[in-house]
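Kindly generate the complete structure, drawing on both the sequences and the hints.
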Amino acid sequence: MHTFLFYLPFLLFFVLVAVYGERKIAAFIQSRFGPMDVGPKGIFQTLADLLKMIQKEDIVPNAADKPIFLLGPILFFTVIFAGFSMLPLNSNMAGAAIESGVLLLMAVVSLDVLGILMAGWGSNNKFSLFGAVRAIAQIVSFEIPLGLSVLCVVMICQSMDLQEITRQQGLYTTDPIFLFGLKGMGIEVTQMGGLLSWNVVKSPLLLFSFLIFFIAGLAEANRAPFDLPESESELVGGYHTEYSGFRWGIFMLAEYGIMLLISFLAVILFFGGWNTPFFNMGSFQWAHWTMGSYWEVFWLLFKTYILVFVQMWIRWTYPRLRVDQLMTLSWKYLTPFGLLLVFLCGIWKLMML
Amino acid sequence: MWNLETHDALIKYFSNITHFVQTLSNGLKLTLKHLWESRTERDPMGIADEDYFLKDKGIATLQYPKESLPVPDHGRYKLHNEIDDCIVCDLCVKVCPVNCIEIEPIRATDIIGKTSDGTNKRIHAAKFDIDMSKCCFCGLCTTVCPTECLTMTKSYDFSTFDRADHVYEFAEMTPLQILEAKQAFEEKQKAKPTASAQSMKSSRDKVVFKPIMIKSKLPKKKDE
Ligand code: SF4
Ligand code: SF4
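These protein sequence lines are chains A and B, in that order.
Residue 983 is where the first sequence starts when you use my numbering, and the numbers rise one by one after that.
Residue 31 is where the second sequence starts when you use my numbering, and the numbers rise one by one after that.
Hints are computed from structural coordinates only; laboratory data are not their basis.
What you are looking at is a predicted structure, and each value in this text was computed from that prediction instead of being measured.
From the three backbone atoms N, C-alpha and C, an ideal C-beta is built for every residue, glycine too.
Errors might be hidden in some of the hints.
Just some of the chain A residues that point at chain B, by a computed CB distance under 7 Å [claimed, not checked]:
#1 Phe1010
#2 Ile1011
#3 Ser1013
#4 Arg1014
#5 Phe1026
#6 Thr1299
Here are the computed lysine-lysine pairs in the DSS-like style, where the Cα-Cα straight-line distance is at most 30 Å [said to hold, decoys possible]:
#7 Lys1023/A - Lys144/B
#8 Lys1034/A - Lys1023/A
#9 Lys1023/A - Lys220/B
#10 Lys1108/A - Lys1034/A
#11 Lys220/B - Lys151/B
#12 Lys222/B - Lys144/B
#13 Lys222/B - Lys212/B
#14 Lys1023/A - Lys85/B
#15 Lys164/B - Lys108/B
#16 Lys212/B - Lys1023/A
#17 Lys1023/A - Lys42/B
#18 Lys151/B - Lys124/B
#19 Lys1034/A - Lys96/B
#20 Lys222/B - Lys1314/A
#21 Lys157/B - Lys59/B
#22 Lys184/B - Lys220/B
#23 Lys124/B - Lys184/B
#24 Lys96/B - Lys184/B
#25 Lys42/B - Lys1314/A
Put into structure tokens, the structure is as follows:
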């Protein structure tokens, strides 16, 4: 099925909502109102901003490398949007049928660095170049803990297909599921489904993997506190300093897109994808009652939105890291722990067999 | 290879991690608390209100043009001059540290009226301009004003698009009146050369002591 056809309009709509939501959340965290004037409680603010942005002139600086400058944002967005093609929507709609979906997604997520580099280099502006170089350093180094944490999941699930990984975390699984994955304890929860068969419960070590994944994901998405590539207080706007109008809008779109993509991926890999969190208890067949095409879509989006909210919450809580702190975090803390977790997850998998 | 340094480094490494976790979770808790508390908004209550300091939770800002905080009645904002009570004594001009008051006085031929506190008015105010964009709101001019006609009001929202609009003109004389007043003064001056000489003489007799300007002698010393 073509989940792709769902995700493009959904992404556009999501950006409209998320920008407004983010501004409101930021405002509330800082004890102020946020947008209030356009529409009731300002809900049409993003729409108005969008209209304004589209009308703006598309300025190309004289000294810029024109083809690269013009292509940068488009490549950036295309690459991120390609990632959405692999996401399943519910048990019937699986996205692109790619056996190694996880691998491809990882590749796609790290490819966005190319778009950033094109934008930063093509702008012929020192701030843009600084931003682009920082983005590359950051994305390349956080790729490793991200990959390691995904590897943990792949080891536990023995699959790289996103739909298959999701299916294993709920009622539709073909293998028996034991509580905490420990076959030795002998408590089978296959028929209970829900929360108990999610990856983080099936193998509690994955909770730590999730933390690493989420932190690395924030860095991949250039979100605060890892927004060094576009740190507006130091680099004006980083790699998109020179962009205006619709091309700048594409950057915004891509940025929110990757934020959403990372959240989707986290939900699918760790929190059961489109599976319901409720489980069957005796005659209360909660899991069965809350599963079905529309319910599944709802659960997937709901869980994703929660993670998106957490990303925003984190953004408005923490100050930006320094470059050396960023590298320390990635290489001295996340990567060793990622390796350790891969090892421990291997042992856990042995106990699950 | 295991020595004291590696041991210390390891302890540092793990204490760093616990420190991260503690501080980061504290930060998240704090912001979540603010997010939760922003369900409530504060009412536009002034500092005079008893509950003013109790309202420390919730959204702290007001939607300004639509609602605003009440200002105390003795707020020191825009200046106002009750020109009918002004005796054009020029004190406010002299005291103003930033020279934002400009007065053009015309001496009248006779008493032209009384202020509300009974002082005689002898000088016309052809011009009484206060440039509020220069004013530093120190309030000195209001304290020296002998008739208390210059006051600070509690109106603070007087931003304009043009800086020239910040010059407030309080004088009420028409150009014709100014001309007449000037002519009357000049005629009187012409008419009394002797009288003024006499009065000067008599006043010189009366003077007991007169301030003498003591010039600095430093440069002279240098010359010597
Ligand atoms: S308040 Fe101070 S600065 Fe303003 S006009 Fe009076 S003396 Fe001058
Ligand atoms: S000090 Fe008062 S009376 Fe004197 S000129 Fe100023 S405003 Fe008028």
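Hints versus structure:
no.: 1; hint: Phe1010; in the structure: holds, 4 Å
no.: 2; hint: Ile1011; in the structure: holds, 5 Å
no.: 3; hint: Ser1013; in the structure: holds, 5 Å
no.: 4; hint: Arg1014; in the structure: holds, 4 Å
no.: 5; hint: Phe1026; in the structure: violated, 17 Å
no.: 6; hint: Thr1299; in the structure: holds, 4 Å
no.: 7; hint: Lys1023/A - Lys144/B; in the structure: violated, 57 Å
no.: 8; hint: Lys1034/A - Lys1023/A; in the structure: holds, 19 Å
no.: 9; hint: Lys1023/A - Lys220/B; in the structure: violated, 73 Å
no.: 10; hint: Lys1108/A - Lys1034/A; in the structure: holds, 28 Å
no.: 11; hint: Lys220/B - Lys151/B; in the structure: holds, 22 Å
no.: 12; hint: Lys222/B - Lys144/B; in the structure: holds, 25 Å
no.: 13; hint: Lys222/B - Lys212/B; in the structure: holds, 16 Å
no.: 14; hint: Lys1023/A - Lys85/B; in the structure: holds, 23 Å
no.: 15; hint: Lys164/B - Lys108/B; in the structure: holds, 12 Å
no.: 16; hint: Lys212/B - Lys1023/A; in the structure: violated, 61 Å
no.: 17; hint: Lys1023/A - Lys42/B; in the structure: violated, 49 Å
no.: 18; hint: Lys151/B - Lys124/B; in the structure: holds, 19 Å
no.: 19; hint: Lys1034/A - Lys96/B; in the structure: holds, 25 Å
no.: 20; hint: Lys222/B - Lys1314/A; in the structure: violated, 98 Å
no.: 21; hint: Lys157/B - Lys59/B; in the structure: violated, 62 Å
no.: 22; hint: Lys184/B - Lys220/B; in the structure: violated, 47 Å
no.: 23; hint: Lys124/B - Lys184/B; in the structure: holds, 24 Å
no.: 24; hint: Lys96/B - Lys184/B; in the structure: holds, 18 Å
no.: 25; hint: Lys42/B - Lys1314/A; in the structure: holds, 12 Å
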